[in-house]
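Colleague: Sequence:
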Amino acid sequence: IEFLIIGDGPEVNLVKSYPYSNLHWIGRVNDVEQYLIASDIYLFSSIYKQEMMPMALIEAINTDKRIVALKTNINDYLLSNQTYESLEKVIEALKIDNIPSGFKHYDMNYAIHKVKQMIENQKEKYNWISLSRLQSKNK
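Quick note on this note's numbering: the sequence shown kicks off at 1 and runs consecutively.
None of these hints come from the bench; they were simulated from the model. It is possible that some hints are incorrect.
To be verified - In silico lysine to aspartate or glutamate, EDC-like type, Cα no more than 20 Å apart, as pairs:
1. LYS71 with GLU88
2. LYS104 with ASP40
3. LYS65 with GLU11
4. LYS65 with ASP97
5. LYS95 with ASP107
6. LYS65 with GLU2
7. LYS65 with ASP40
8. LYS123 with ASP107
9. LYS114 with ASP76
10. LYS89 with ASP31
11. LYS71 with GLU92
12. LYS104 with ASP64
13. LYS16 with GLU2
14. LYS65 with GLU33
15. LYS114 with GLU59
16. LYS104 with ASP76
17. LYS89 with ASP107
18. LYS65 with GLU120
19. LYS65 with GLU92
20. LYS95 with GLU2
21. LYS71 with ASP97
22. LYS89 with ASP40
23. LYS95 with ASP40
24. LYS104 with GLU88
25. LYS104 with GLU33
26. LYS89 with ASP76
27. LYS71 with GLU59
28. LYS123 with ASP64
Unchecked claim - Quick list of simulated restraints, FRET-style, between CB atoms:
29. GLU11 with ASP76: 30 to 40 Å
30. GLU51 with GLY102: 36 to 46 Å
31. GLY102 with GLN50: 24 to 34 Å
32. ASP76 with MET118: 12 to 22 Å
33. LEU94 with TRP25: 12 to 22 Å
34. LEU94 with ILE26: 15 to 25 Å
35. PRO19 with LYS104: 38 to 48 Å
36. ASN121 with TRP25: 40 to 50 Å
37. GLY9 with TYR77: 18 to 28 Å
The beta carbon of each residue, even a glycine, is placed where N, CA and C say it ideally should be.
All chains, please: the whole structure from these sequences, using the hints.
Modeller: Here's what the structure looks like:
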């Protein structure tokens, strides 16, 4: 297995000190899509529970990659609950080549649909609040 590491951060020294030749560190890039397209599997190892919207993961989803991701609420949502509890489970899945794919794309049409849905939900909430205020004033 060959690993391609893109990006930088506090763990970059771990990558630089890796003693084997199957890891290739690219560093920070502006256009990650070319690397995603060239890859067979995307590993999203972030376990940051407070991450709101992992754009790197969404980019991988939109390139139809097979994706391995650790379990967080947002990863479960984006990957239809096809995530892994631990790195040990990830390694098991890689060994038997049981990596999920075919996730829903998050493109402009989907974004527009979700924004319209949020606006409608807010309208309903606002109307309910307005109605309850009117009712309390009339009492």
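Colleague: Looking back at the hints listed earlier, which ones does the structure fail to meet?
Modeller: 3, 5, 8, 10, 17, 18, 24, 28, 29 and 30
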